[in-house]
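> So you can see what is in the structure, the chains are spelled out below.
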Amino acid sequence: MAEKATIVVFSGDLDKVLAAFVIATGCAAQGMEVTMFYTFWGLNVVKKDKGPIAGAKNWMQKMMGMMNRGGISRLPLSKFNMAGMGRSMMKKLMKKTNVAPLSEMLAMARDLDVKMWACKMSMDVMGVAKEDLIPEVDKIVGVAAYAAEAQQSKINLFI
Amino acid sequence: MAEKATIVVFSGDLDKVLAAFVIATGCAAQGMEVTMFYTFWGLNVVKKDKGPIAGAKNWMQKMMGMMNRGGISRLPLSKFNMAGMGRSMMKKLMKKTNVAPLSEMLAMARDLDVKMWACKMSMDVMGVAKEDLIPEVDKIVGVAAYAAEAQQSKINLFI
Amino acid sequence: MAEKATIVVFSGDLDKVLAAFVIATGCAAQGMEVTMFYTFWGLNVVKKDKGPIAGAKNWMQKMMGMMNRGGISRLPLSKFNMAGMGRSMMKKLMKKTNVAPLSEMLAMARDLDVKMWACKMSMDVMGVAKEDLIPEVDKIVGVAAYAAEAQQSKINLFI
Numbered sequence: 000m001a002e003k004a005t006i007v008v009f010s011g012d013l014d015k016v017l018a019a020f021v022i023a024t025g026c027a028a029q030g031m032e033v034t035m036f037y038t039f040w041g042l043n044v045v046k047k048d049k050g051p052i053a054g055a056k057n058w059m060q061k062m063m064g065m066m067n068r069g070g071i072s073r074l075p076l077s078k079f080n081m082a083g084m085g086r087s088m089m090k091k092l093m094k095k096t097n098v099a100p101l102s103e104m105l106a107m108a109r110d111l112d113v114k115m116w117a118c119k120m121s122m123d124v125m126g127v128a129k130e131d132l133i134p135e136v137d138k139i140v141g142v143a144a145y146a147a148e149a150q151q152s153k154i155n156l157f158i
Numbered sequence: 000m001a002e003k004a005t006i007v008v009f010s011g012d013l014d015k016v017l018a019a020f021v022i023a024t025g026c027a028a029q030g031m032e033v034t035m036f037y038t039f040w041g042l043n044v045v046k047k048d049k050g051p052i053a054g055a056k057n058w059m060q061k062m063m064g065m066m067n068r069g070g071i072s073r074l075p076l077s078k079f080n081m082a083g084m085g086r087s088m089m090k091k092l093m094k095k096t097n098v099a100p101l102s103e104m105l106a107m108a109r110d111l112d113v114k115m116w117a118c119k120m121s122m123d124v125m126g127v128a129k130e131d132l133i134p135e136v137d138k139i140v141g142v143a144a145y146a147a148e149a150q151q152s153k154i155n156l157f158i
Numbered sequence: 000m001a002e003k004a005t006i007v008v009f010s011g012d013l014d015k016v017l018a019a020f021v022i023a024t025g026c027a028a029q030g031m032e033v034t035m036f037y038t039f040w041g042l043n044v045v046k047k048d049k050g051p052i053a054g055a056k057n058w059m060q061k062m063m064g065m066m067n068r069g070g071i072s073r074l075p076l077s078k079f080n081m082a083g084m085g086r087s088m089m090k091k092l093m094k095k096t097n098v099a100p101l102s103e104m105l106a107m108a109r110d111l112d113v114k115m116w117a118c119k120m121s122m123d124v125m126g127v128a129k130e131d132l133i134p135e136v137d138k139i140v141g142v143a144a145y146a147a148e149a150q151q152s153k154i155n156l157f158i
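Protein sequences appear in the order of chains G, Y and A.
The letter at position 73 of the first sequence is residue 72 when you use numbering that gives the first Met the number 0, and the numbering goes up by one with no holes.
The letter at position 135 of the second sequence is residue 134 when you use numbering that gives the first Met the number 0, and the numbering goes up by one with no holes.
The letter at position 88 of the third sequence is residue 87 when you use numbering that gives the first Met the number 0, and the numbering goes up by one with no holes.
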């Protein structure tokens, strides 16, 4: 049976999410069974890149939705974001040096059977509904499902 | 024998600490033996919500103490803190969606026998004395105790 | 055979890197075989403290190099950096309370046979060449080498 790796993607920062994907695909390429658990700001990675979120029930969730537009192409850098300039520079550097952009990394992760789980509680707090998520998400789960998976995993990371 | 989970709580940000508690109580609810090791800014979580710290021996530690007032209700958000507005909004959203506030999560963690360890070295550097900590803290330990516990743990996280 | 611990050092912030070294040396002192994998901003920890980087091939990599001067003595704090004042205060507090500075921690880690690996992909993206790294770095590796090591490790952390 394949060994497991479970990665909590808490951050929604481009650089950290990139690291999460590099590790996830790297482990999957070694034959491991990998799960990425998207929670809090990490939800932005698996949110559709579109207008207002469907699940928003009050002005606070609408505002949260606006500040976290979602869509893998919009993630900021954790450092030197400089109103998006750092992000755009990082993307250009990745392209120049043949590092795949996040959208391709996500596709690659899917090809390697990396599982994508979205955190139910974070979705409730932020007013994100199922239809706000990209179709690559396998499951919407609570912390119990995460804890069960993590307990069986050889590698556990919080990013 | 129960399997173990050890979580380093390095961050003192509301959202990250919330994630730490959700995971800690989630693992404990699955029957795991969980330890939370509070270090650096994470010390704020287990500091009493009161005035100047007792252990401060010089102006730098006093200033550190002022900037890290401590008390679980004062933690800022890691993103969009906006002078406390983000924090207050997050708290309201948690309430509206029936997510327990941090103070209740701490009590829940104690009920589930989650162990609370404070990092000795961080306390020394920041001038935090034993009497500055909340009574829920079981032990003040060095890194050796943490490393021994982590080595026996199935799940290790750094938050 | 000694049990293993593998720490991804993603952050280049003084406080987080300090935590990484404390944990790495703590685990090594317990007899574990420890590897530190320096990636993204963490590369700054193992970059020489000198002028422009040799590997920079375009203005973006040069600018990245300037913003990430490197050298273990230059790392900022993740919080309250206040243009270096927080960092200098933290260093003074560490000195006053007999906590070893990072440069000594690095030497201590080497004495305890902690392995230092630099991430090839991050070096390529940021234009960091082999000659830009300090001699303490054992190896420049890809994610496959990291994943293989992590899979064998009892403790895995992402800092």
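Take the hints with a grain of salt, since some may be wrong.
Which copy? The list can't say, so a pair holds if one copy fits it or any two copies do.
What the hints assert, rightly or not - Calculated cross-link-like contacts (lysine to any residue; reagent style SDA-like; alpha-carbon spacing at most 20 Å): (1) K153 x L111; (2) K61 x K95; (3) K3 x A143; (4) K138 x G54; (5) K119 x A99; (6) K94 x W58; (7) K3 x A147; (8) K153 x E2; (9) K3 x E148; (10) K129 x M107.
Please keep in mind that the hints were generated in silico from the structure rather than gathered at the bench.
> For which of the previously enumerated hints does the structure constitute a violation, in increasing order of number?
The structure conflicts with hint 10 only, although it agrees with all the remaining ones.
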